[in-house]
Amino acid sequence: MKILTANRLTDGIAVWYADGGWAETVDHADLAHDKAAEDRLEAIGAKAYADNEVVDVNLIDADVVDGVVEPVRLREKIRAAGPTIREDLGKQAARAA
Amino acid sequence: MYRYDEFDHDFVQARVAEFSDQVERRLSGEITEEQFRPLRLMNGVYLQLHAYMLRIAVPYGTLNGAQLRMLGHIARKYDKGYGHFTTRQNIQFNWPALSDIPAILADLASVEMHAIQTSGNCIRNVTADHFAGAAADEVADPRPYAEILRQWSSVHPEFSFLPRKFKIAVTGAERDRAAIQTHDIGLHVKKNAAGELGFAVYIGGGQGRTPMVAKKIRDFLPEADLLSYCTAILRVYNLYGRRDNKYKARIKILVHETGVEEITRQVEAEWQELKDAELKLPDADIRAIDAYFAPPPLADRPEGDAAIKLARLDSKSFSDWLDQNVVTHRHPDYAAVTISLKGIGEVPGDATDSQMEAVADIAENYAFDELRVSHEQNLILPHVARADLKAVYDALVDIGLATANSNLISDIISCPGLDYCALATARSIPIAQEISLRFASLERQREIGELKLKISGCINACGHHHVGHIGILGVEKKGSELYQVTLGGSADENTSVGEIIGRGFSSEEITDAIEQIVDTYLGLRLNPSERFIDAYRRVGPAPFKEALYAGETKAA
Ligand code: HEM
Ligand code: SF4
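If you read the protein sequences in the order shown, they are chains A and B.
Numbering-wise (my numbering), the first sequence opens with residue 1318 and increments by one.
Numbering-wise (my numbering), the second sequence opens with residue 7 and increments by one.
These are computed hints drawn from the structure, not numbers from a lab.
One or more of the hints may lead you astray.
Said to hold, decoys possible - Cut-off 30 Å, straight-line C-alpha distance, at most; resulting in silico cross-link-like pairs (DSBU-like, lysine-lysine):
no., chain 1, residue 1, chain 2, residue 2
1, B, Lys196, B, Lys281
2, B, Lys484, A, Lys1408
3, A, Lys1394, B, Lys86
4, A, Lys1408, B, Lys196
5, B, Lys197, A, Lys1408
6, B, Lys86, A, Lys1408
Said to hold, decoys possible - Computed footprint of chain B on chain A, listed as stretches where at least three residues anywhere in the stretch have a Cβ under 8 Å from a Cβ of chain B:
no., stretch
7, 1319-1333
8, 1363-1373
Bear in mind the structure is a predicted one, so any value in this text is a computation, not a measurement.
Just so it is clear, CB atoms sit at the ideal spot from N, CA and C, and this is done for glycine as well.
Given the sequences, and given the hints that come with them, work out the whole structure.
So, in structure tokens, the structure goes:
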């Protein structure tokens, strides 16, 4: 499965495409289960990039774990959570609070 | 220290205005990311995993209190309360919003700082010995030369689009604390037989995926010829350096592929065309820059000895810190202090906003308002009266920066790694933290003695792992982090590149492996004064391989 991710232009914060917009957490990112859905996400990413909403747009591998979306690669897990050495920072901070 | 003149002020202000306009046009969508990317990189703005990253130049690692206080202010106001001091004597902020960067740059300009040429294929921040101006073994302060190079290289039209980035380091002492042989150009300030100042010139050092030790191409270059000779080197590089392959584009590859003799000939030939023209430095100009770096007036403070003797009796921890983090100054009543940013289990090189402000206060109160960032990711107070050392120590204890581990195994260089860096293949900071915690006992660390451990989170080698006595390189293998160990590297006047010792270790195994290496060394050293690197050079890798892998071969 694939999800669409990028960094927001204005502040660089990592975002994921979910429910027709860019969410600050990965949990409910839109999942592409087949090639057609991947193409659709890719087109959305390309348009958002062209519209100067986001930069560094990527389609990445993801799984669903306990009902929430989780990226597969460690790199993307860290992007989705925040630095592993500073649990008070990044997305994980809000989750803990 | 160096103060901006009118030209510098105008130049930096103009750049702030220009980049602010570029950011505005980017945010409004007037320019695309492809157009903007090279512009932001010219101003130190990267995009990392979680956010943008801003790299701010600290020319030759020299700062004053107001500048460090401003960095603390930026950390608090625009970032998340901390900054990361780097091996290139710079500082990086990990979370700035693009929309705030114009304001940050304006704040920086108000204290004569900027982020110009901290990225891109240009001549980067010139680095220097962090004890410059204070070291007892120094022939001359290297920073005036670094400043001359900075002025010459800033937006140099011919050298702003080189095949690849270009790094210059200068030392003024026999003992190289600036790792000059790992740089594109390394300059060693020395005197000739007639007592005149000049440089031994090294070129073609570098780390990254192809580590190389720089080659000496000239034993003595008169100081007046600094710029003409560097121009000759850059011209040869700019003309012949490879642009077809990013990984082969550094001057180290050109030197390697051309051969030292031939490239020396090319540089010397180019220099003949340049040496007696306008790049020759008038003595008056050099002395004028020198004057900016005149040492502070160091009044005799002979009461220091007695004060220290008493304080030592009073506090064992002060005494330990004195032995480990305080070094001899050229003035007998003074000392240079290393403020360790390597608290046990902390993130190497990170400092909080309030720590930065408190250190700025200490520098103003006790250290003639002078600070340095070392390439080992620590802060330095280069001039402290020995009589004030106890007061400085107490102030550092208050802010948790009095760890007495300079040059010991927990004084680790570590790049940001996969916790922040978009290019990383593995994490480096948690490994540094775990090793630091494993060797937490300072008594044990002192027993081990000088040991330089350096960690990078990918082959780019920002964490200098190739030249660590023990180097650790994090890679990705089958989706997990794997750590490769090199032994025998060194970044001093006897620079060497470490050798890979064998198969890599998982994140669970790596700290045990490091401990095994250290124990092996302790078991085979001739005596406690034989450092790890000396012992390794004497015995080679075999005993370490045996200790790490013998069980496996037998089992197999
Ligand atoms: C986080 C963003 C960073 C990026 C994207 C980055 C990128 C790179 C790259 C691509 C190289 C290899 C250059 C080559 O071999 O041609 C490199 C080398 C290097 N970087 Fe970084 N780096 C980053 C952070 C740092 C930090 C935090 C430090 C200091 C702690 C640093 C210091 C160095 C040094 C010393 C080298 C090796 C020396 C050489 O140029 O050969 N970098 N970096
Ligand atoms: S060595 Fe690699 S992981 Fe570490 S900072 Fe440099 S580019 Fe990033």
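**Item:** Restraint status (C-alpha distance of B/Lys196 to B/Lys281 at most 30 Å)
**Value:** holds (20 Å)
**Request:** Given the hint that B/Lys86 pairs with A/Lys1408, test it: the Cα-Cα distance must not exceed 30 Å.
**Result:** holds (13 Å)
**Item:** 30 Å Cα cutoff - pair B/Lys484, A/Lys1408
**Value:** Holds, because 26 Å separates the two Cα atoms, which is no more than 30 Å.
**Coverage claim, chain B over the stretch 1363-1373 of chain A, checked by counting residues with Cβ within 8 Å (three needed)** = Holds, because 5 residues of the stretch 1363-1373 of chain A bring their Cβ atoms closer than 8 Å to Cβ atoms of chain B.
**Request:** For the pair supplied as a hint, A/Lys1394 and B/Lys86, confirm whether the alpha-carbon distance does not exceed 30 Å.
**Result:** This hinted pair holds, its Cα atoms lying about 21 Å apart.
**8 Å C-beta test of the stretch 1319-1333 of chain A against chain B, three or more residues** = Answer holds; 7 residues pass the 8 Å Cβ test.
**Message:** Given the hinted pair B/Lys197 and A/Lys1408, is their Cα-Cα distance within 30 Å?
**Reply:** Cα-Cα ~56 Å, so violated.
**Message:** So if I understand the rule, the pair passes when the alpha-carbon distance is 30 Å or less; does A/Lys1408 with B/Lys196 pass?
**Reply:** Violated - the C-alpha atoms of B/Lys196 and A/Lys1408 are around 53 Å apart, more than 30 Å.
Comparing the model with each earlier hint shows violations of hints 4, 5; every other hint is respected.
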